[in-house]
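Asks: Based on the hints, put chain X in the right spot on chain U.
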Amino acid sequence: MKSAVVLLPGLNRDRDMIAALTKISGKAPVTVWQTDTEIPDVDLIAIPGGFSFGDYLRCGAIAARMPVMRAVAEKAAKGVQVVGVCNGFQILVEAGLLPGALMRNTSLKFVCREVKLEIANANTAFTRNYAAGQVIRCPVAHHDGNYFTDPETLARIEGEGQVVFRYAEGTNPNGSINDIAGIINEKGNVLGLMPHPENLIETAHGGNDGRALFESALGLPKAA
Amino acid sequence: MPVIKARVTVTLKNGVLDPQGKAIEHALDGLGFGGIGSVRQGKVFDVEIEGADKAKAEADLNAMCEKLLANTVIENYSVTLI
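Sequence order for the protein chains is U and X. Note that the first sequence ends on residue 224 in our numbering; no numbers are left out. Note that the second sequence ends on residue 82 in our numbering; no numbers are left out.
For reference, chain X alone in the conformation it holds in the complex:
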């Protein structure tokens, strides 16, 4: 059975406050990494789907994002087949 591998990236929308990203930014600054403009944190999902139909896989992955993987009130998502 062929397998399609995909990577889904979920990030906070612009304008949504990211306190965790801010805390990471301050920690990096504390480690001596200067000149950091900003840090925004997010999530990565590596998904394997059985089959060879890439168009269907991509459509399914987008539906997965809309229904569960992302909260589209606050998050954007992108799907990349790898």
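Bound conformation, chain U alone:
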């Protein structure tokens, strides 16, 4: 299975994402730069975390208007799977590929810790190797992860099963509405989440709870 990683100035988790995808798929992902207008044929496009364009204006706002994001939108429209982690999630909502907005954490503090995540929907291309309701560990590191949307949109995404990950056991680090940690688009091929599953994929990380997300997306069987 082939994957691509989107590179933008100011991202800093790109190497983590490349390492995770290389280890899990057995093949290094291709990288695409912000000015690229075409993305090669791949099964999964990943937008890593970081601080693209210094978080100027709003987190992800400038990145979302770069040429490469038009190419991502075209691929997404064709059904290619896209995952955005942390700043990647912020970029996807700014690009209009996912509903809602990510606002400043209610604590006003940058949070860097481990949280518990509940798999709110295990019936997606990204979570099929998890069990519904399963609670996993996952690190977070962000200042603006407070998911917000208007009540109508919230009711719609909750009703359609588009909430895929929820902070569990009182670990919501940012005040997000309904403890939302990650959502998927209506079509089910674009996922955004604030936590960093790419940082928990092997024993050396202290656990592999995040691995099944990439295995699911890459069409790999669940690891033993």
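Hints were generated in silico from the structure; no laboratory data involved. Where is the CB? At the ideal position from N, CA and C, for every residue including glycine. Do not take every clue at face value.
[To be verified] Short derived list, chain U residues pointing at chain X, Cβ under 7 Å:
no.: 1; residue: Arg58
no.: 2; residue: Ala101
no.: 3; residue: Arg104
no.: 4; residue: Leu108
no.: 5; residue: Thr203
[As the list claims (entries may be wrong)] Here are a few chain X residues that sit away from chain U, every Cβ distance over 12 Å (derived from the structure):
no.: 6; residue: Arg7
no.: 7; residue: Gly32
no.: 8; residue: Asp46
[Claimed, not checked] Taking lysine-lysine pairs in the BS3-like style, the calculated list, with each CA pair at most 27 Å apart, reads:
no.: 9; chain 1: X; residue 1: Lys13; chain 2: X; residue 2: Lys43
no.: 10; chain 1: U; residue 1: Lys187; chain 2: X; residue 2: Lys22
no.: 11; chain 1: X; residue 1: Lys22; chain 2: X; residue 2: Lys43
no.: 12; chain 1: U; residue 1: Lys222; chain 2: U; residue 2: Lys116
no.: 13; chain 1: X; residue 1: Lys13; chain 2: U; residue 2: Lys109
no.: 14; chain 1: U; residue 1: Lys109; chain 2: X; residue 2: Lys22
no.: 15; chain 1: U; residue 1: Lys2; chain 2: U; residue 2: Lys23
no.: 16; chain 1: U; residue 1: Lys187; chain 2: U; residue 2: Lys78
no.: 17; chain 1: X; residue 1: Lys5; chain 2: X; residue 2: Lys54
no.: 18; chain 1: U; residue 1: Lys116; chain 2: U; residue 2: Lys23
no.: 19; chain 1: U; residue 1: Lys78; chain 2: U; residue 2: Lys2
no.: 20; chain 1: U; residue 1: Lys109; chain 2: X; residue 2: Lys5
no.: 21; chain 1: U; residue 1: Lys78; chain 2: X; residue 2: Lys67
no.: 22; chain 1: X; residue 1: Lys22; chain 2: X; residue 2: Lys5
no.: 23; chain 1: U; residue 1: Lys78; chain 2: U; residue 2: Lys27
Replies: Same frame as chain U, but now just chain X:
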């Protein structure tokens, strides 16, 4: 070349929680400014546009807000030519 000057104001919509505004409110209270009902923070953009066509400038500025300057999921904007 004539220049049109405009000020764009972007504020959070009613009902959207503004933790930064709240923190500023508490800080003002701490400085002894009593009786503050609430503080909401936002952004101001001063934009200069070459040309003399004010109607076009205003239309362009509104488009800029819709496409980039404001996130209309959470923010309102207003455009004033000055």
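Asks: Does each hint fit the structure? Answer for all of them.
Replies: Outcome of the hint check:
1. Arg58: Given a least distance of 6 Å, the restraint on U:Arg58 holds.
2. Ala101: Status holds, d = 4 Å.
3. Arg104: The hint holds - U:Arg104 has a Cβ within 7 Å of chain X, the shortest such distance being about 6 Å.
4. Leu108: At 5 Å from the nearest chain X Cβ, U:Leu108 passes the 7 Å test, so the hint holds.
5. Thr203: U:Thr203 check fails; min Cβ-Cβ to chain X is 38 Å, beyond 7 Å.
6. Arg7: Consistent with the label, X:Arg7 stays out of reach of chain U, its closest Cβ about 17 Å off (over 12 Å).
7. Gly32: The assertion about X:Gly32 holds, with a minimum of 22 Å to chain U.
8. Asp46: About 15 Å separates X:Asp46 from the closest Cβ of chain U, which puts it past 12 Å; holds.
9. X:Lys13 x X:Lys43: holds (13 Å)
10. U:Lys187 x X:Lys22: violated (38 Å)
11. X:Lys22 x X:Lys43: Holds, because 16 Å separates the two Cα atoms, which is no more than 27 Å.
12. U:Lys222 x U:Lys116: Distance ~20 Å between U:Lys222 and U:Lys116 Cα, so the pair holds.
13. X:Lys13 x U:Lys109: Judged against 27 Å, a Cα distance of about 22 Å means the pair holds.
14. U:Lys109 x X:Lys22: holds (14 Å)
15. U:Lys2 x U:Lys23: Within the cut-off at roughly 12 Å; holds.
16. U:Lys187 x U:Lys78: holds (11 Å)
17. X:Lys5 x X:Lys54: With a Cα-Cα distance of about 10 Å, the restraint between X:Lys5 and X:Lys54 holds, given a limit of 27 Å.
18. U:Lys116 x U:Lys23: holds (24 Å)
19. U:Lys78 x U:Lys2: holds (16 Å)
20. U:Lys109 x X:Lys5: violated (36 Å)
21. U:Lys78 x X:Lys67: holds (24 Å)
22. X:Lys22 x X:Lys5: Measuring from Cα to Cα gives roughly 32 Å; hence the hint is violated.
23. U:Lys78 x U:Lys27: Roughly 23 Å separates the two Cα atoms, so the pair holds.
Checked against the numbered hints given earlier, the structure breaks hints 5, 10, 20 and 22 and satisfies all the rest.
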